[in-house]
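Chain A is fixed; fit chain B onto it per the hints.
Residue numbers (our numbering), protein chains in the order written: chain A, 1 to 439; chain B, 440 to 750.
Hints were generated in silico from the structure; no laboratory data involved.
Treat the numbers as computed from the prediction; the structure is a model and nothing was measured.
Heads up, the beta-carbon is just placed ideally off N, CA and C, and yes, glycines get one too.
Okay, the calculated bits of chain B under chain A, using three or more residues with CB under 8 Å as the criterion: (1) 590 to 603; (2) 676 to 687; (3) 708 to 716; (4) 726 to 732.
Some chain A residues flagged as far from chain B (calculated, every beta-carbon gap over 10 Å): (5) Arg109; (6) Glu128; (7) Trp135; (8) Leu137; (9) Asn153; (10) Lys189; (11) Arg193; (12) Gly203; (13) Pro212; (14) Leu247; (15) Leu278; (16) Ala298; (17) Ser335; (18) Leu353; (19) Ile367; (20) Gly425.
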Amino acid sequence: MARFLVRSVISTIVTMLLVSIALFGLIEVGSGDITVKILGIESTAEQRASYRAQLGLDQSAALRYIGWLVGNDWLVRGRVGHKLVTVKNPQTGEDQWWADVDGQLTRWRMRSGELYALLRQENGSSVEVLANDGWQLDPETGTEFFWGVNDNNSAVKWVRGAGERVWVRTSAGFRQQGDGPQQYIPLRKGILRGDPGLALQTGRPVAVTLIPRIRNTAVLAGVAFIVVMPLALVLGILAGVNEGKPLDRVISVGGLAATATPEFVTGIFLILVLGIWLKEIWPGSPFKAVALFTSPDAIFRDPTLLLLPVLTLTAVELGYVARMTRASMVEVMDSAYIRTAIIKGMPYRRVVLRHAIRNALMAPITIIMLHVNWLVGGVVVVEVIFGYPGLGKYIYDSAIFGDFNAIEAAAMVTVFIAVVTRLIGDLAYTLLNPRLRYT
Amino acid sequence: MAAATSSPRTEQLSRLQRWGKTVRIIFESRVATVGLMMVLFWFLLGFISLVWTPYRPNFSDFEQNLRPNSTNWLGTDHLGRDILSRLMAGTQVILLKTRLPGDFPILGGKAIPGGVALWGVFGSLTLGSVLGLNAGYRSGWWDQIIMQLLDALIAFPQIVLYLVVIAALGQGDLVVILAITVTGAPGVARLVRSLTLDIKTRDYIRAAETRGESVWFIMFREILPNIRGPLLVDSMLRVGYAIFAIGTLGFLGIGLPPPDPDWGNMVNDARRNIFFNQWAVIPPSLAIATLVIGLNLFADGLREEINRYQK
Chain A
1 MARFLVRSVI
11 STIVTMLLVS
21 IALFGLIEVG
31 SGDITVKILG
41 IESTAEQRAS
51 YRAQLGLDQS
61 AALRYIGWLV
71 GNDWLVRGRV
81 GHKLVTVKNP
91 QTGEDQWWAD
101 VDGQLTRWRM
111 RSGELYALLR
121 QENGSSVEVL
131 ANDGWQLDPE
141 TGTEFFWGVN
151 DNNSAVKWVR
161 GAGERVWVRT
171 SAGFRQQGDG
181 PQQYIPLRKG
191 ILRGDPGLAL
201 QTGRPVAVTL
211 IPRIRNTAVL
221 AGVAFIVVMP
231 LALVLGILAG
241 VNEGKPLDRV
251 ISVGGLAATA
261 TPEFVTGIFL
271 ILVLGIWLKE
281 IWPGSPFKAV
291 ALFTSPDAIF
301 RDPTLLLLPV
311 LTLTAVELGY
321 VARMTRASMV
331 EVMDSAYIRT
341 AIIKGMPYRR
351 VVLRHAIRNA
361 LMAPITIIML
371 HVNWLVGGVV
381 VVEVIFGYPG
391 LGKYIYDSAI
401 FGDFNAIEAA
411 AMVTVFIAVV
421 TRLIGDLAYT
431 LLNPRLRYT
Chain B
440 MAAATSSPRT
450 EQLSRLQRWG
460 KTVRIIFESR
470 VATVGLMMVL
480 FWFLLGFISL
490 VWTPYRPNFS
500 DFEQNLRPNS
510 TNWLGTDHLG
520 RDILSRLMAG
530 TQVILLKTRL
540 PGDFPILGGK
550 AIPGGVALWG
560 VFGSLTLGSV
570 LGLNAGYRSG
580 WWDQIIMQLL
590 DALIAFPQIV
600 LYLVVIAALG
610 QGDLVVILAI
620 TVTGAPGVAR
630 LVRSLTLDIK
640 TRDYIRAAET
650 RGESVWFIMF
660 REILPNIRGP
670 LLVDSMLRVG
680 YAIFAIGTLG
690 FLGIGLPPPD
700 PDWGNMVNDA
710 RRNIFFNQWA
720 VIPPSLAIAT
730 LVIGLNLFAD
740 GLREEINRYQ
750 K
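Chain A extracted, bound-state conformation:
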């Protein structure tokens, strides 16, 4: 058992690593030039090249993967010569990178050919002092250069007297600046340390947007789960006990039809019937054909927004779970010990309730755990239909835009959920079924 446990955990970790490499590789191969999407098609080649460099896309793929996975501050530290730390920006609450120069948090800036150090004060503001004594001589070319942290969370290399003309994206637009660095390495902590990077579409940290989205999806899936499980188990048991009778036929075929109908078809029929036609008869109905999610926590202010998404998800999952339960119930009802119980004269109701159900429910519960990633697919579609601000919609939007930091983070969250629930399912199965032997 212990050996099985260790092996599954190791296999899970290897799986996650493989998936992350595959995901990174796929996006690497196909994402095209993201800068065109960010800057627009009117941007010039020079602007795009400058922006690419600022995003750190001129580094090799392997370096970027390492940076994405475990961060790159420890790699860059040797160049800057100081420890690199993050501090929360008091205004936005987002992390900022600073170099820790003997206890003084410092960043640098180049202006009119002069190097300035920005010394962080206790209240979050910074004081600018001239720092021209920091230049280092490059013995090969004879130029002076300096590696430091700039005010855009990148480790950068300035060359004295050769300020690059760079295009900087600011809140006021995209403008050209002199005195720019020659090389950029955007600093990041890496996903394993809780920093999935910046969303390219918005320029904000992915983690900040991802958390309310995960919460919304959890609410949606959770409510659907609470509705589905008891209903599906009851239907499945009813069908299983009445195998071959009309009730079983109705439940089985109905369940199959519900499962085989794509989520978007179910969702659109529900919108049509409950959101539009019902509204004509009953204007006060709580079902909304058009749901406007004005803020990330709109569902908590107006829970009726959840009605149609939950119903759609329910319709899709209900049939699946009910069929699983039915199959397992049929198998149990066929077994010898149930026959024995019936033959010895036990009331039928008691045979079903006491003997059959407990064994019959084991399989569906673990199988559901194993199929969480199948459900994730349903969630994505349901969220896209209803514009629901959850994880699925986020994956869809970022995939359409090509926002690789966001896709990678969001996809890894779904993979993590899938892998961990499968592990739990496996464990639950071994615990519930002591007859299984693992070698």
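For chain B alone, coordinates are given in the frame of chain A:
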């Protein structure tokens, strides 16, 4: 001489008998019959649409957003195209033809027979069988490595894989086939592996090994033909999943490219206009649902009947 002529004839007869037996099994199950009818209905409509549709499916010949009426039996869409014609032509890309890209060698720009769903399932069957046979028959390290890779693929939620693959490679029939192949292969491989583990212990495999047959011969000529039954039933279900997936992709706007009508895309277009014209969403939605349900019923009925037969 007589023996030589008679032996193919008896074989033909027995093949015919086997064929008849299979058909009888299908029709013995009411569920399978209904499913088969639903599937055949769409195949029939698709074949008809190859030579005739009521109107031109890709031309805006009518007024926009018409309700069903005597000219346009199912109404028109938001661009004034006849929905019935589009619905019929929509079966082609799924079941009957695959459009190759312009720069494809030799057949570039042409369409080959067999729809995207069928080729996708064929691809996942091929890839899955090769992986599953190797994992199951060779076992040891092969098994470990192949299963670990497949575990990684299975851990990927399919929709995420579709989104990433299509974002990476662009839209196109071949890309969708590739996506279906990659997402379907792990399931096939697991099934093939478990069946192979069972077949492997049989005497005729031992005999083939003793004869000194090569590993590939044993895998593909000895094992594969003996596991094709469950594999075929499974592939029926897979065609259903593939159509399901194509519909979903079309709905998300990243499925099969225009100009040919695609059901998922039709649903998506109609959804945007649902307040002006509620009738346009119904036909393509029902089309996808009935085709997938038909395939599921067929596979389910078939499996049940085969199980009963074997008992």
